[in-house]
Amino acid sequence: MSDRTIRLRRLASIATLLASVGSPAVPGWCGEIPPGERRSSYDLMSSELKAMQDDETANPGTFWVLDGEALWRQKAGAADKACADCHGDARASMKGVAARYPAFNAARGRPIDLEQRVNLCRTEQQKASPLAHESKELLALTAYVARQSRGMPIDIAIDRMVEFVEAGRSLFRRRQGQLNLACNQCHDDNWGKSLAGNTIPQGHPTGYPLYRLEWQTLGSLQRRLRNCMIGMRAEPYEYGTPEQVALELYLMWRARGLPVETPAVRP
Amino acid sequence: MTRALINVPPKAKRGEIIAIRTLISHVMESGFRHTNTGAPIPRDIVTSFVCTYNGEEIFTAELHPAIAANPFITFHTVATESGTFEFKWTGDNGFSATASAAITVE
Chain L
1 MSDRTIRLRR LASIATLLAS VGSPAVPGWC GEIPPGERRS SYDLMSSELK AMQDDETANP
61 GTFWVLDGEA LWRQKAGAAD KACADCHGDA RASMKGVAAR YPAFNAARGR PIDLEQRVNL
121 CRTEQQKASP LAHESKELLA LTAYVARQSR GMPIDIAIDR MVEFVEAGRS LFRRRQGQLN
181 LACNQCHDDN WGKSLAGNTI PQGHPTGYPL YRLEWQTLGS LQRRLRNCMI GMRAEPYEYG
241 TPEQVALELY LMWRARGLPV ETPAVRP
Chain S
1 MTRALINVPP KAKRGEIIAI RTLISHVMES GFRHTNTGAP IPRDIVTSFV CTYNGEEIFT
61 AELHPAIAAN PFITFHTVAT ESGTFEFKWT GDNGFSATAS AAITVE
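The listed protein sequences correspond, in order, to chains L and S.
Sequential numbering from 1 applies to the first sequence in this note's numbering.
Sequential numbering from 1 applies to the second sequence in this note's numbering.
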């Protein structure tokens, strides 16, 4: 190797180091899937499953969307207010909202996801008890809200959340569990290859809450993340923990530009 | 709350073969599962589905424990005259649900 090559390599590595130190606004570009290659796992499904997701009368997720529509208008809590009393018609007021979540909550000083946003409204505005994670009501409301963003590109404004995106990214790249695996080893480095009988997806959370045939019900992204962690034989994070939200945030930021599919169908 | 989603073409030509798609919300608890403490979870499934076209039975199905939650049943028939399709699901614990859809045949 000539001196010149070595010098060039050194320069390149210093430049990389500077880039990673000097520009925290673009965390994790290194090793990330380039925008042109980002694919929703919709593309990996059979034509039958795609048809099931696309046809609202065949997509079981529609049940939750319809339940959510009813809950939206139903008065609740000591304040006797319905979501619709403040937000009006969800088809207009909630359009694009799910494509921006998790979003920064100034009062809490950290990002909150859609489930936490619904529960904040319930406790602060409706004076009602928060809904349990994975309860039919919370899934119905989040599915209904997210449905209003169907087809819109995921667009997370991370300016106030850079440190949380970084935290999510480091969780994504942290080896954990008895199999000593990190999320990125499958979903960044080996997507498109086979794991047992399945094609490894890129892991973009475009359609949550979604109807998973394996679950025979609708489930949130946090449930799916817990699934993956159990598969890695790691201790799954509890629902609603900052780790879960940081991972959700990083994954949504990583999927920026892909259209929202809620309620999606997955095998 | 039980919900049913029906997809029947609103219009068809006489003699045309049409597809009918139905989806009903139901847990379809098989009766073979147990809780964490070992107590059996009792069976709770839809056991039968009937479709009538202007009162005449055109399709029936018996459902069994191996069928997944939210059963999706699709079948074909020949559009003979304008009228109504009536759908009825019955099951364990007195479960019963109905739905209907109209068709115009030209």
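FYI, nobody ran anything at the bench for these hints, they're computed from the structure.
Incorrect hints may appear among the rest.
Below, a list of computed lysine-lysine pairs in the DSSO-like style, where the Cα atoms sit at most 27 Å apart [said to hold, decoys possible]:
{"no.": "1", "chain 1": "L", "residue 1": "Lys-50", "chain 2": "S", "residue 2": "Lys-11"}
{"no.": "2", "chain 1": "L", "residue 1": "Lys-50", "chain 2": "L", "residue 2": "Lys-81"}
{"no.": "3", "chain 1": "L", "residue 1": "Lys-127", "chain 2": "L", "residue 2": "Lys-95"}
{"no.": "4", "chain 1": "L", "residue 1": "Lys-136", "chain 2": "S", "residue 2": "Lys-88"}
{"no.": "5", "chain 1": "L", "residue 1": "Lys-136", "chain 2": "L", "residue 2": "Lys-81"}
{"no.": "6", "chain 1": "S", "residue 1": "Lys-88", "chain 2": "S", "residue 2": "Lys-11"}
Computed far set for chain S versus chain L, every beta-carbon distance over 12 Å [unchecked claim]:
{"no.": "7", "residue": "Arg-21"}
{"no.": "8", "residue": "Val-50"}
{"no.": "9", "residue": "Gly-55"}
{"no.": "10", "residue": "Glu-57"}
{"no.": "11", "residue": "Glu-62"}
{"no.": "12", "residue": "Glu-81"}
Remember, it's a predicted structure, so these values are computed and weren't measured experimentally.
Idealized CB from N, CA, C, for every residue including glycine.
List in ascending order the numbers of the hints, as given earlier, that are violated by the structure.
2, 7
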